[in-house]
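Participant: Sequences are here, hints too, so could you generate the full structure?
Heads up: the sequence lines are chains A and B, in that order. Positions 0 to 716 (numbering that gives the first Met the number 0) are the ones given, in order, by the first sequence. Positions 0 to 716 (numbering that gives the first Met the number 0) are the ones given, in order, by the second sequence.
Mixed in with the good hints there might be a few duds.
Any copy will do: because identical chains look the same in the list, a pair fits if it lies in one copy or spans two.
To be verified - Derived lysine-lysine pairs resembling DSBU-like cross-links, with alpha carbons at most 35 angstroms apart:
| hint | residue 1 | residue 2 |
| --- | --- | --- |
| 1 | Lys366 | Lys706 |
| 2 | Lys670 | Lys90 |
| 3 | Lys670 | Lys253 |
| 4 | Lys253 | Lys666 |
| 5 | Lys566 | Lys619 |
| 6 | Lys366 | Lys52 |
| 7 | Lys284 | Lys670 |
| 8 | Lys619 | Lys494 |
| 9 | Lys90 | Lys354 |
| 10 | Lys619 | Lys354 |
| 11 | Lys706 | Lys397 |
| 12 | Lys706 | Lys284 |
| 13 | Lys619 | Lys366 |
| 14 | Lys706 | Lys566 |
| 15 | Lys566 | Lys48 |
| 16 | Lys52 | Lys619 |
By construction, these hints were calculated from the structure, which means they are not laboratory data.
Number of protein chains: 2
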Amino acid sequence: MFDNLSAFRILILAIVCLPFMCGASRAEDGYDLWLRYPAMERGEARQYKAAAKRIVVPAAQSETLELAVRELERGLAGMLDAAPSVASDAKRGGNLWLVSGDAALPQGAGIDMAALGPEGYAIRSVDGGTVIAANSDIGVLYGAFHFLRLMQTRENVTGLDITEIPSVDVRIINHWDNLDRTVERGYSGASIWDWHKLPDYLDPRYEDYARALASIGINGVSLTNVNADAMALTPAYLEKAAALAGVFRPYGVKIYQTARFSAPMEIGGLDTADPLDPEVRAWWKAKADEIYELIPDFGGFLVKANSEGQPGPQDYGRNHADGANMLADALAPHGGIVMWRAFVYSEHNPEDRAKQAYAQFVPLDGKFRDNVLVQVKNGPIDFQPREPFHPMFGAMPKTPLMMEFQITKEYLGFATHLVYLGAYYEEVLSADTYAQGEGSTVAKIVDGSLQDIELTGVAGVGNAGSDRNWSGSHFDQANWYAFGRLAWDLDADSKDIAEDWARMTFANDDAFVRPVVAMMMESREAVVDYMTPLGLTHLMATGHHYGPGPWVCDLARPEWNPCYYHKADEEGIGFDRTASGSNAVAQYEAPLAEIYGDVETTPENLLLWFHHLPWDYEMKSGRTLWDELVMRYTEGVAEVHEMRETWEGLEGYIDQERYDQIVAFLKIQEKEAQWWRDASIAYFQSVSGRPLPDGVAPPPHDLDYYKAISHPYAPGH
Amino acid sequence: MFDNLSAFRILILAIVCLPFMCGASRAEDGYDLWLRYPAMERGEARQYKAAAKRIVVPAAQSETLELAVRELERGLAGMLDAAPSVASDAKRGGNLWLVSGDAALPQGAGIDMAALGPEGYAIRSVDGGTVIAANSDIGVLYGAFHFLRLMQTRENVTGLDITEIPSVDVRIINHWDNLDRTVERGYSGASIWDWHKLPDYLDPRYEDYARALASIGINGVSLTNVNADAMALTPAYLEKAAALAGVFRPYGVKIYQTARFSAPMEIGGLDTADPLDPEVRAWWKAKADEIYELIPDFGGFLVKANSEGQPGPQDYGRNHADGANMLADALAPHGGIVMWRAFVYSEHNPEDRAKQAYAQFVPLDGKFRDNVLVQVKNGPIDFQPREPFHPMFGAMPKTPLMMEFQITKEYLGFATHLVYLGAYYEEVLSADTYAQGEGSTVAKIVDGSLQDIELTGVAGVGNAGSDRNWSGSHFDQANWYAFGRLAWDLDADSKDIAEDWARMTFANDDAFVRPVVAMMMESREAVVDYMTPLGLTHLMATGHHYGPGPWVCDLARPEWNPCYYHKADEEGIGFDRTASGSNAVAQYEAPLAEIYGDVETTPENLLLWFHHLPWDYEMKSGRTLWDELVMRYTEGVAEVHEMRETWEGLEGYIDQERYDQIVAFLKIQEKEAQWWRDASIAYFQSVSGRPLPDGVAPPPHDLDYYKAISHPYAPGH
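Facilitator: Pasting the structure below:
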C-alpha cells in the first residue's frame, strides 16, 4: 500500500495532524503541566525502549499501584510510541519491576527497604532491567514518576542507583480558596473546588490535580483560606471534602482543612471558644470524630489565629499553645495534626513587626503537643521578594517548626511576571541559622535533623486555580514544581530543578534549555531589583498589592504602611534593626546577630532591612546609596528587557500558543517593572531631594501621576 | 512495509491513540462545543468527499474570508480525513466556491444576491460542486458554517438550494460579567474576560469564543453587567475592549458596552446626569467620540436605567425616551445604537409588577430615536420557567422592540439542571399577540415585519464563562446554540435545532439522537412542573435563587416576595390579573384579554398567572386544583427520573467524560427537583390544609426543615 516511507509519513501526519494539532508542534495550553510525554526522536528512544519493554507487577494491584502502572504506560507509550506490556513475570530484558511492601525483589536488587521509610523509594538497575521498590504503593508511584522524569529529561536509565527518602513528613499545598470560589491572592482564575457541584460531581480536574501533586511528592492539601470560614466544618462541606478525599487518596494526598477558631460559637451555638472551656473542648472532639467518620485519613487542621483579625485563644487570655493543644487533643486519637501559623503581629504592639512572632512563640517552646507543628513563613514580615530567614528557625529546639513558602506571587507580580521562586526557596533553606554552630541550616531545622524533631513539614501557599494552565502562567508552574521538589528534598539544587522542569514542560533542546534556565535563575534578582532592592521591603500598593505604593503612609494599621518599612526622609532610608534601633538582630544567633548588626558585614541585599543609612552612604560599588538604589531599580527593568530578548529569540522550539503567551506576559512584566521603577524613583527622589545619577532616565511622569494610578479590580483581593 | 490493512490500522491507532485519547472515543471535555468535526465512517464520507475536494476562492482574501477557508479546511479535514485543496480556479467536480460581494458566481448559480442583504448567504448546488455566496465575507463565513453543519448532521449536500437571511439585525449576547470577573447569574466559572491581562494578552479563548458565536450567526457581544460599572467606560477599560474588538471583528462580532447612566458624575466629575443638561449631553458625545476612536465599529450601548437601584433619567424627572435619546444622539454620528431595557418596576408603585413596564413605556411609543431599540424580556416578570409573552410586544408599533431572552439558567437550575430552552424560546416567539389580528406573532413584532420596523434585534443573557465546557454543563451549550439559531431565524423549529445540536455535539446515531432530542424537548415542561406548575411563578429562594422559597414573605421589596406571586391562603392560590384583580389582562389585545380573563379559556399552564382560584377548583383532568398542583410537582420529579434513565441507557455512544458528567448532573437535578417538590408541597399544604391525594408520597421532612436550608455560597450572586 505504501511504496515509500514519505507517502506513509504524510498519511500519518494527515491523520494525526488533526487541524487543532497542526503546526510545528501540537498546540499546547499548559494543562498537561510537566507531565507531557511527547514522542521522542527515534534515535533517542532506543535506549529507553530497551530499558522498559515490560512492567512487571503483581496481577492484583491496589488502586495506587494501578496508578503507577498506568502512569508508566502513559509515559512510555507517549515518549516511545510503544506501549509497554504489563505482566506478573519478568522476561528477558527490558523489565521494569514495581516492588511494593514485602513483595519479592528481583535478583541482585540489594535494596535496604527498611531505610526507605514509609514513602521513600529506590530505583536500581539490575540484570534484566530496573527495579522501582518502596515499602508502600505510594512510594512506588513516586518512583514511577521519578523514572519517567529521567526519560523526560533524557537522563540515562542504565546503571541507576537511586535512593529517595523525603526530607519531611508533611508536604502540603495550602489553598487560600474561599467557599464562594474567589481565591485570596489567587491569580489563576476561580477556586479549583466547585463546591456547588460537590459531592455529587467530581470534576476530572480534581484527579488531574492529584496526579500532578503526586508527581512531585506532595502528600497533602488544605482546602480553604486561612482567613477561615466556619462553614467549612459544617456537615455539608465535610461531605464535599470527603468526596475530594476519595479522589486524592489513591495519589497519596491527604485532605486537611482550616479551622476557624470561633467555630464552636459560629456553627456550634456555644457562647465561647475558650480553649480551656470543657464544652468547647468537647465540641472540637465531637467535630473531629465527625470528620473522621467521613474522612478516616483526614490530615488535620491548619489554623490562623489572633492574626489580622482572626479569632484565637488570646481572645480569652490564653496563648497559642493552649489553642493549638486543644485542637491537637481533639485530633490525636485519630492521628491528625495541627499546623498552627506563627504569622502574628498586632497593631496595638508598637514593637517592630519583624520581632513579634518570635516574641510570642519562642517562650512557648516545648509547650506544644507532639502532633502540633508551628508553621512559620520564610521570613519575619510577609513573603517579600527578599527577607532574611525567620528568626524563629533554630530558636525553638523543642517544637516542630514547619516552613511556609508562598508559591502564588502575591508580592511578586501576580501571574504575569516571570519569577522563578526555586532560587528563593533555596536561598532560605540553605541559610545558616547557627542555632547549633555553623551548618545549622534552615533545612536542617525544618527536616528535624538538627534538633531531633519527629514531626516535620513544609507548606506552600499554592497557585493552582481554574485557569487552563493551572497556575496563571506557564512559568508559574515552575514554582509549584520547584516547591514540590524542594519539599521532597530540602537540599535539592534549584537550578537542577529548573532544568528538569524546562525539559519536561517545554523541550530538551540544549539551545533552548540553557538560556531558559539562565533566565529563570536571574529572574528572582530582577524582581528584587525593580520592586524592593537592597533589602527594602513591603512597598506595594494597598490592598490588592498590585504595583508600587512606597508613598503610602496613612493606613489604619501602621505596620501596613510602606513608609513604616523604608522610613525614608531627606537624610536617609532603611529600617534600623540593630541595637540602636529595634534590635531585631538580637533574635538571630551569634555570629549572625553581629553580622547583621554591623553595616560593614551585612550583605548588601539586606542592607536596608537592618540599617537606616544616609543617602550618601558609600556602597561597595563606590556609588552612594542613593545612586545605587536608582541603579538597582533601573537595572531591574533592564534585566526584564533581557529576559524578553532571550525568550523572543527562542521562537520555534516550543508550540506557538505557549510561546506567544510568554511573549505577551514578558511585555506586561517589562511595562510593570518600568512602572515600579519609575514610581519608586519619583517618590524616593521627592524625599531624598537628590539628583539622578548621570545618564539615568528620569521617570516620564511626576509623582502625582503615579500616586493617582488606581486598579480597583486587580485580582486576588 | 504493511502487508495487510489491519496491521497498518493498528499502527495508526498506536500512534494516534495517544494515552489521553484512548478509549472508545477520544476524551472530550466540551471545549469544542458543536464544532467538533470528528472523522466520519468511510462509507458516510464518500458523498461529502466528492462534494468538497477543493475550495475555490480568490487568492487575495480578507481576514474573514480566510477564516471561512480555514473553517472549511478544518471541518473537511476532520470529518473526511482528507484536507481539501484551496485554489482560485475550479477543476472538474467537488468544487466549493466561496463567492463574496461582486466576485463572479460560477455558471448556473443563478443567485439573487441583492435579496441576501448584508449578512445573508445562499448555498446552491451547481454543475461541478456547490456555491456559497454572500454580499459580504461574513455572509460567506456564515454559509461555510452552514455547509459544514449539513455534513456534521449527515444531511445531503447535493441538490442544495438554501437561502438564509437573518430575521433581525442585532443578534447579541449580553454578558452580565463584572469587572472583578464575577458573573451575575453566572454558573460557568469566572468571567471569560481577563481584564487584568488585557489589552496586552489576548487569550486564545477569546478567538475561540468569537468563532463559536459566528458559527451560529451571533454578531454582537455586550461585555459587562447591566448593573453597570462606570469604570467600564474609562480609557483603560476602553482600551481593553478595543483589544477584544480586534479579535472579534473578523468574525463579524461587534463589541457593545453597558452605559452606567450616572457615568458623567462618577467618572466625568459632573454634578448631574440629567439627559437634558447640555454639559451631560456634551460629555456623552465626547465619550462616544473617544470610544469610536478606539473602536471604529463599536456597536453601541446597553442600558439598564431606573430599575433595581440603577440610576436613570427618572432621577431628574425625565422619561426613558429622554435618557435613551440622549445616548442615541451621541452615538448616531458613528452609527451606533442604544438598547434600552424595559425591565422596570418600582417598589413604590403598588401596581401589579407585571403591568409596570407596559405602563411606563407604551405612552412613549414613537418617541425614541431611530437608533434606539427598547429591549424587552420575554415575559413581564423575570425569566421565570413559564410566563405569558410580554404585553409590550405589539403595543408599541412605532418603536423598535428587541427580545431579551435568558440563556443562563438563573431560575432554571443553574448549570446542573438539563433544561432545553429552545422549546421555551419557540413558545414565546410563536405566541400570537393579535396586535394586528390573528397571526401577529411575537416573532413578527421582533423581526419588524408586522409593524414595518427598520431596526431589529434579539439579545440573550449569555452563559459562556471560564469553565472548560464554556456553559457550565454540556447541555447548557444547547441553549446558547439554540439562541443563536433562533436569533438568526425566529421561525426555526426548536426540535430541529435540538437535533442538529445533538448530532454536532455528540453523535449521529439515530438510536442516540432520537431519545436525547425527546428528552431535551420534555425537559422544559419538567422544570416547570417541579418548580412552578400551572402558571405559578417566582417561588425561588432569596438572593441566589437556588432552590425553593415559596414561603418567603418578608423581603424589603414586596414584589420580591414569592407570596406576592402565589397569594396562597387557606381558600386558594394564584394571582388575579383579570378585571376583578389587577386587570393586567387588559394589556393584551383582544381576543387574548378575553381568553386570559376567563378561567375557562385560560390555558392551564398559565392558570395561576391570571387567576386566583379555590383549592377545590376543578381542573380539566377532573382533579381539584390542589390535587393537580401536588400531582404536577410530583410528576416533575418523575420526569427528571425518566430523563436520568434515558441518559443512563445511552452509555457508549459518546465519550465517557461527557457521559459521566451528564449522569452526575442528572442525579443532582433529580435530588434538587425532589427538594423543590417536597419543600413546595410542604409549604402549600401548610397553607391549604388539604390532604395529599392518595398514593402520593409526603415530603420526607417538615416545613421547618426546608425553611432552614441555607446555601450562602450558591454561585452567581
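Participant: Now tell me if each hint is right for this structure.
Facilitator: For each hint, the structure was consulted:
In this homomeric assembly, Lys366 and Lys706 never come within 35 angstroms of each other (Cα to Cα): the closest approach is 48 angstroms inside a single copy and 46 angstroms across copies. In this assembly of identical chains, Lys670 and Lys90 lie within 35 angstroms of each other by CA distance neither inside one copy nor across copies; the values are 60 angstroms within and 53 angstroms between. When the C-alpha separation of Lys670 and Lys253 is checked against a cutoff of 35 angstroms, the pair qualifies only between copies, where the shortest distance is 29 angstroms, while the shortest distance within a copy is 41 angstroms. In this assembly of identical chains, Lys253 and Lys666 lie within 35 angstroms of each other by CA distance solely across copies; the values are 27 angstroms between and 39 angstroms within a copy.
Within a single copy, Lys566 and Lys619 get their C-alpha atoms as close as 22 angstroms, which meets the 35 angstroms cut-off; across copies the closest is 83 angstroms, which misses it. In this assembly of identical chains, Lys366 and Lys52 lie within 35 angstroms of each other by CA distance neither inside one copy nor across copies; the values are 55 angstroms within and 80 angstroms between. In this assembly of identical chains, Lys284 and Lys670 lie within 35 angstroms of each other by CA distance solely across copies; the values are 32 angstroms between and 53 angstroms within a copy. In this homomeric assembly, Lys619 and Lys494 come within 35 angstroms of each other (Cα to Cα) only inside a single copy, at 28 angstroms, whereas the closest approach across copies is 79 angstroms.
In this assembly of identical chains, Lys90 and Lys354 lie within 35 angstroms of each other by CA distance neither inside one copy nor across copies; the values are 63 angstroms within and 83 angstroms between. Proximity of Lys619 to Lys354 under the C-alpha cut-off of 35 angstroms is restricted to the intra-copy arrangement: shortest distance 29 angstroms within a copy versus 80 angstroms between copies. In this assembly of identical chains, the alpha carbons of Lys706 and Lys397 never lie at most 35 angstroms apart, being 48 angstroms within a copy and 52 angstroms across copies at closest. Taking the shortest alpha-carbon separations for Lys706 and Lys284, only the inter-copy value of 29 angstroms comes in at or below 35 angstroms, while the best intra-copy value is 51 angstroms.
When the C-alpha separation of Lys619 and Lys366 is checked against a cutoff of 35 angstroms, the pair qualifies neither within a copy, at 45 angstroms, nor between copies, at 77 angstroms. Only within a single protomer do Lys706 and Lys566 lie at most 35 angstroms apart by alpha-carbon distance; the minimum there is 18 angstroms, versus 56 angstroms between protomers. Taking identical chains as interchangeable, the C-alpha atoms of Lys566 and Lys48 are never at most 35 angstroms apart, the minima being 63 angstroms within one chain and 75 angstroms between chains. In this assembly of identical chains, Lys52 and Lys619 lie within 35 angstroms of each other by CA distance neither inside one copy nor across copies; the values are 59 angstroms within and 73 angstroms between.
In the structure shown, a violation is registered for the earlier hints numbered 1, 2, 6, 9, 11, 13, 15, 16, in ascending order.
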